[in-house]
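> Top to bottom, those sequences are chains A, B and C. Residue 314 in this note's numbering sits at position 314 of the first sequence, with consecutive numbering throughout. Residue 219 in this note's numbering sits at position 219 of the second sequence, with consecutive numbering throughout. Residue 248 in this note's numbering sits at position 248 of the third sequence, with consecutive numbering throughout.
Just to be clear, a hint being listed does not mean it is correct.
Claimed, not checked - Dumping the calculated EDC-like pairs for lysine to aspartate or glutamate here, alpha-carbon to alpha-carbon at most 20 Å:
hint, chain 1, residue 1, chain 2, residue 2
1, C, Lys-101, B, Glu-273
2, A, Lys-85, C, Glu-253
3, B, Lys-274, C, Glu-182
4, B, Lys-112, B, Asp-186
5, B, Lys-116, C, Glu-253
6, C, Lys-11, B, Asp-18
7, A, Lys-261, A, Glu-200
What the hints assert, rightly or not - A few chain C residues facing chain A, derived, Cβ under 10 Å:
hint, residue
8, Tyr-64
9, Gly-106
10, Phe-273
Think of the hints as simulated: they come from the structure by calculation, not from any bench. The C-beta atom is built at its ideal place from N, Cα and C for all residues, glycine as well.
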Amino acid sequence: MKGRLSIFLSLFLIVILLTACSGLGKLVSGSSANVPEGATEIEMWNLFAGGDAEYMQTIVDEFNESQDEFYVNNIQQEFDEYYTKLITSLGAGKGPDIAISHSHTLPELVHLGILQDLDSYADQVGVQWDEFNTNILEQTVFDNQHYAIPIDTHPHIMYFNNDLIDDAGLLNDDGTLKMEKTPEGFRVFFQTLKKELPEENFPLAFPTVGMDGFRQWWAFYSQLGGEHIVTDDLENPTYALDTEKAIKAAEYMQSFWHEDKVIPLNLADFYTDFQSGKAATIATGVWSTGIWESTEDLNFTAIPLPNIFGQKGAWGGSHTFVLPAYEDADPEVQRGAVTFMDFATDHGAKWAQAGHIPAKDTVVESKEFKEMPYREDYAQVADYVNFSDRTIYYRGINEIMVRNLDRIWTNEATPEEAFQRIEKEVKELINN
Amino acid sequence: MGTISSSKSRKALDRNRDPLLKVKVTVGIIIAVLFIVPIIWMLFVSIKPNGFSTSNPIEWFLPPYTFSNYVNIIMDSLILRWLFNSFFVAFITTILTLLITSLAAFAISQMKFRFKNLIYIFFLLGLMIPGEATIIPLYEIVKSMNLIDSYTGLILPMIASPLGVIILKSFFDGVPKEVIESAIIDGCSYFKLFYKIVLPLAKPAIAAIGIFTFIGSWNNFLWPYLSILSETLYTLPVGLPVFNSTYSQAYVLPMTANAIASIPVIIAFLIFEKQIVKGISFTGIKG
Amino acid sequence: MNKKVWIKDVKAIPFLLPFFFAYLLFTILPIFKGLQMSLYDWNLVRKMDFVGLENYVEMFNDPYFWQTLWNTTLFVILTTPTMVLLALGLALLANLNTKLKTFFRGSYFLPSILSVAVISFLAIFMLQPYSGLVNTMIQALGINAEPFWLADKTLAWVSIVGVTLWWSVGFNMILFLTSLQEIPDTYYEASEIDGASRWEQFRYITLPQLIPIGRVIILLQILASYKVFGQILLITGGGPGGATRPLIQYIYETGFTQNNLGYAATMSYALFFILLILSIIQLKNQRLEES
């Protein structure tokens, strides 16, 4: 045994040494990046998981090249556990210098006291607050203090595979869809697709579990006139779901899987299904536009989710930059962080390449943005997005909604049962 | 274990008497194949060209093959670093566990001091304390020591193994009294007695506990999952899911990552199978 | 005389101290720290208000606590008997007198050395609908079905139990195997002379000899299964709809995702007592074996 053990150990050591010495990949990258001499390193955490991560990296690279005072080290974190990790890290005093947060998570982060307000640095750096879309900016102000710089709005929309739609005879000559914008018309559109398409294709790519079902439901609920789950009270909201509309929206969605069977159950990767030309349509966020654009032979159209229930409504979120608070924060690092935020929002057109709608009105009105295909087709959605209720309980409520709605989509619970449970659970959550 | 002399006669008996032997062996082979097919599949998928997908199960195992995935993953991901972390943490944990448990076991077995029984019973209590159920307060304690997100924080909470003390103590108890006494008469200090005489005699127990601790640490999931925040400090069980989460239907790259994580342990297993099996039967029965 | 005793104490200290210190800090202290935390509204950022027994009251009224505790218990109920039977069966196969002996033992044990992350992702990829290895195999055999292994409640349990058996049966098999090999051959030889059949030999010699180790395995298995977390988190994420979510996952989510460490510590205490009782039973059983 002794001989073998020493042989094995020395083999292992040799491998480790070889890889470590040659500096293969990122093996030895402690704080990874090669920070240029004299520059202050600023660590940034992002949660981008769609096709958008690389566009943020481009902006970071441009910033690092544009000056030599600061160096932003952009680290991509796993989307699912992002906030858990962010809060855990900041609680342990070991987090990043800049973080990305969704606008709807801001109330919780501010309430926990782990964010630093931006006002003094924003003045120093010269952030032009009046250039931002006011609807989005409002989401980032608490007690008259700015706690975040918004980057974008990202609504859920729909994409169509033009070739498949055309094959099914549902494309007008001007490129629009043969679809009546009513609840029935919308269903008939997909039923027709199912009938007309070859067997290996299917009408709509959409997952059976997870956030997307909630987003789609929220859009229909908003179109029906529903506004809230709880009231917009930061710390003491009350339950405000319009149960009748909520059930109606859920029943409508459920029929897509179980009655009309236009969405196959439990798709493992619905993005790939659309990308590979298997699915004729997909309902997802604007962050995917960049992915479809860079897919060869994918001839597609982007449109807002049709307003079929009368009122304009859509689900949407907003990415923002935030500045974590530390007792021993280095003002130089924090000033650099805000400098980068300002730079990134000014270069929002780059970010729009991923598909997002930039937060600065000045960017949306710029020639650079207007010349990009597709984005113009859905940019107006930003005006009527129904943002999630503004409360510190957002993540908890969201978890309850997703878990219970999933039971409807998988046909394990009726919408009535699910919303009874939602009411009970949400009330328990917000009364604690 | 069965004695060698009689196993021959057993064999003869079996041949003569078990009419079902062939059936049993066939069943054994079928199950064995089922057990290793997923692992072999993983290895085959890992050498398929990136992006390959098929609905014909046989095609996974057919050429063309390529090793470029391995190169890509080793260059572009932190997998080797995680492999190193897992190995390093398991190695140090094992060494420290062996060190402190054998010291304590030696004191309890061979030395005379007050409250010995009380102290031993106090250590024995640890057998009943499930680490999983105290992990939340453990997190707070390690956090207040400012050790979250560090190797030290990953290793130190895992080294105080009461089971190790118990097994080693019973082993040390078996060291002949005369050996100890004559050493003491020769003026041997306790430390010398410990590492020159008692420790070498306990080699089998130390090997067993070592293997057991190493495997346990290698596979530990919950604690690194909670206490490590930086990508560069991930161990394999924590890092791999993060890596794989970016792929849900692309098979090839995640399988390559899994293969890279598994090949060293498979090789180690093939080399040390006997010792591992012994280590498990030794510690498993005790605890 | 007194001085001599004192010197002996001092001599023992360097031997005891390292273990004592680590043990006190990381094994004993968390028990008391947990008690303190369970009495507070305590989050990841800071300790907040003292709330007395409120967390305990909440726990008894929390349907998800009971549901996840039941899920964990169900996992124990499903895996323990199957694990013991499978381990025994495989040990008997690996104990056959054939040239394949080491091959059997090796292949049954091989999955056990793989990391939980690896076996979970193997499982996910194999069980995926429409393109996974299992479903395509089923279809290649001419069965026209598309089971949703991880999205259907019952099948999700089947999958979790199946994967767990495959992954960890090797450990128990080896314990059985060791015991099998310790049964003296003279027993069999003697029974041979008495004209016992193979079945009678198994029933009256092998099985009784395996009962002590069997009892150890059952208890170890129950204890280990109550701690289930990794493979469920990674394979089903506790889904579908929370149907497979075990208690430790709920504790983790409460503490870290929902940022409520106080309540997470409270539920940990419940788990603590369950495991404490089980390990006391296990230790008693072991005493019984030894005496």
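> If a hint holds in the structure, say so; if it doesn't, say that too.
Status of the hints after comparison with the structure:
Proposed proximity of C:Lys-101 and B:Glu-273 is supported: the alpha carbons are some 13 Å apart, at most 20 Å. Our distance criterion of 20 Å between C-alpha atoms is met by A:Lys-85 and C:Glu-253, whose separation comes to about 12 Å. Under the criterion of a C-alpha separation no larger than 20 Å, the hint pairing B:Lys-274 with C:Glu-182 is consistent with the structure, at around 16 Å. Taking the CA atoms of B:Lys-112 and B:Asp-186, the gap is about 19 Å. The hint holds against a cut of 20 Å.
Our distance criterion of 20 Å between C-alpha atoms is broken by B:Lys-116 and C:Glu-253, whose separation comes to about 42 Å. For a cut-off of 20 Å, the pair hint linking C:Lys-11 to B:Asp-18 is broken: about 62 Å separates their Cα positions. For the suggested pair A:Lys-261 and A:Glu-200, the alpha carbons sit about 14 Å apart, so the restraint of at most 20 Å is met. The beta carbon of C:Tyr-64 comes within 9 Å of a beta carbon in chain A, closer than 10 Å, and the hint placing it at the interface holds.
Using the Cβ-Cβ criterion of 10 Å, the hint placing C:Gly-106 at the interface with chain A is not satisfied: the shortest such distance is roughly 16 Å. Residue-level restraint check for C:Phe-273 is violated (minimum Cβ-Cβ distance to chain A is 24 Å; threshold 10 Å).
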